[in-house]
Structures are given as C-alpha cells and as structure tokens.
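*Asks:* Sequence:
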Amino acid sequence: MLSPMSEVIKQLRQLPEDLQNRIRDIYGDMDKFYATVYLIARNEHIGQEDRSEAGNQRMEVIHAYQNRIECMLTEGGADGKEIMADIAGDYLEDYVNYREQDFGMTNEEFLSIIRKIN
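Under my numbering, think of the first position of the sequence shown as 336, with each following residue one higher.
Just so you know, the hints here were simulated from the structure itself, not pulled from any lab data. Owing to the predicted nature of the structure, the values given are computational and were not obtained by experimental measurement. Honestly, I wouldn't trust all of these hints.
Stated by the list, open to error - Across the chosen pairs, the derived CB separations fall in these ranges:
1. 351 / 433: 30 to 40 Å
2. 388 / 346: 13 to 23 Å
3. 346 / 452: 13 to 23 Å
4. 352 / 388: 20 to 30 Å
5. 356 / 387: 38 to 48 Å
6. 388 / 359: 34 to 44 Å
7. 387 / 359: 13 to 23 Å
8. 348 / 420: 12 to 22 Å
9. 452 / 352: 16 to 26 Å
What the hints assert, rightly or not - Restricting the straight-line Cα-Cα distance to at most 30 Å, the calculated cross-link-like pairs of lysine-lysine (BS3-like) are:
10. 416 / 451
11. 416 / 345
12. 345 / 367
13. 451 / 367
14. 367 / 416
15. 345 / 451
Virtual Cβ for every residue (Gly too), placed ideally from N, Cα, C.
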C-alpha cells in the first residue's frame, strides 16, 4: 500500500508507543492513519476551488479535523504540524505528477474513521 521508503512513514513508525496505540485505536493502523490524513489533504485542495458558502463551511470542517489530528500528534509527543505538512506534501507531489493513490479504503471506512476523530 505505502512505500516503505517514505520519510513520513518512517517517522510514523518512530512515534512514541502511547501515541502509536492511540492512532491504532482511532484509525486501525498507521497505513490507515496516513491514508486518512492524505485524503483530508486532498479534500482540502479540491475544496479550495469552491468559493461558495457551502464550500467555506466544508473548508472549516476540514480545517477542524486537521487541527484535531495535529493536536493529538503534538499532545502525544510528536511534531504534529510537521507530520501533517509532510503527508499533505506527499499528496501535492502526487497531484503535480498526476499520480492517484488507491489506499483500498471505502468511503464508509473513511467516514467511520472521521467520526472517531475528536
């Protein structure tokens, strides 16, 4: 699913054990955590084009989830801002190189994870 050479994946696997356990409780595993943050970054990028009121509300929701994830990482002893930026950077790199990632995650699974983020 994910490249074992990815720097952010290596970073995630080096997180404090308590934080890794929290991530597994919410996301299932590190790959699903990465996929969720990546897909949120993709939704943010797509949403930036929509300047309507509904689009603005959607962006507020996306940013709220990003902030919650970043806070969880930071509270767990990691550099949440850096990890979020690195995963978003992976998405943007794929975007500019016309690569589509298929994480094998259904919409229902993604939404189920999103509901657990708090």
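*Asks:* Within 38 to 48 Å: is that where the Cβ-Cβ distance between residue 356 and residue 387 falls?
*Replies:* 40 Å Cβ-Cβ, so the 38 to 48 Å window holds.
*Asks:* Could you see if the CB distance from residue 352 to residue 388 stays within 20 to 30 Å?
*Replies:* violated (44 Å)
*Asks:* For residue 451 and residue 367, compute the direct alpha-carbon distance and say whether it is at most 30 Å.
*Replies:* Holds, because 13 Å separates the two Cα atoms, which is no more than 30 Å.
*Asks:* Sort out whether residue 345 lies within 30 Å of residue 416, counting only the CA atoms.
*Replies:* Distance ~16 Å between residue 416 and residue 345 Cα, so the pair holds.
*Asks:* Given the hinted pair residue 345 and residue 367, is their alpha-carbon gap at most 30 Å?
*Replies:* Judged against 30 Å, a Cα distance of about 15 Å means the pair holds.
*Asks:* Starting from the hint 13 to 23 Å, judge whether the C-beta atoms of residue 387 and residue 359 obey it.
*Replies:* Given range 13 to 23 Å: violated, Cβ gap about 37 Å.
*Asks:* Residue 416 and residue 451: Cα distance at most 30 Å?
*Replies:* holds (20 Å)
*Asks:* When you check the alpha-carbon spacing of residue 345 and residue 451, does it fall within 30 Å?
*Replies:* Holds. Residue 345 to residue 451 sits at ~24 Å (cutoff 30 Å).
*Asks:* Could you see if the CB distance from residue 388 to residue 346 stays within 13 to 23 Å?
*Replies:* violated (37 Å)
*Asks:* Regarding residue 351 and residue 433, is the given constraint of 30 to 40 Å on their beta-carbon distance met?
*Replies:* At roughly 36 Å between Cβ atoms, residue 433 and residue 351 fall inside 30 to 40 Å, so the hint holds.
*Asks:* Is 16 to 26 Å a correct range for the gap between the Cβ atoms of residue 452 and residue 352?
*Replies:* holds (21 Å)
*Asks:* Would you mind confirming whether the straight-line C-alpha gap from residue 367 to residue 416 stays at or under 30 Å?
*Replies:* holds (19 Å)
When each numbered hint is compared with the structure, violations occur for hints 2, 4 and 7.
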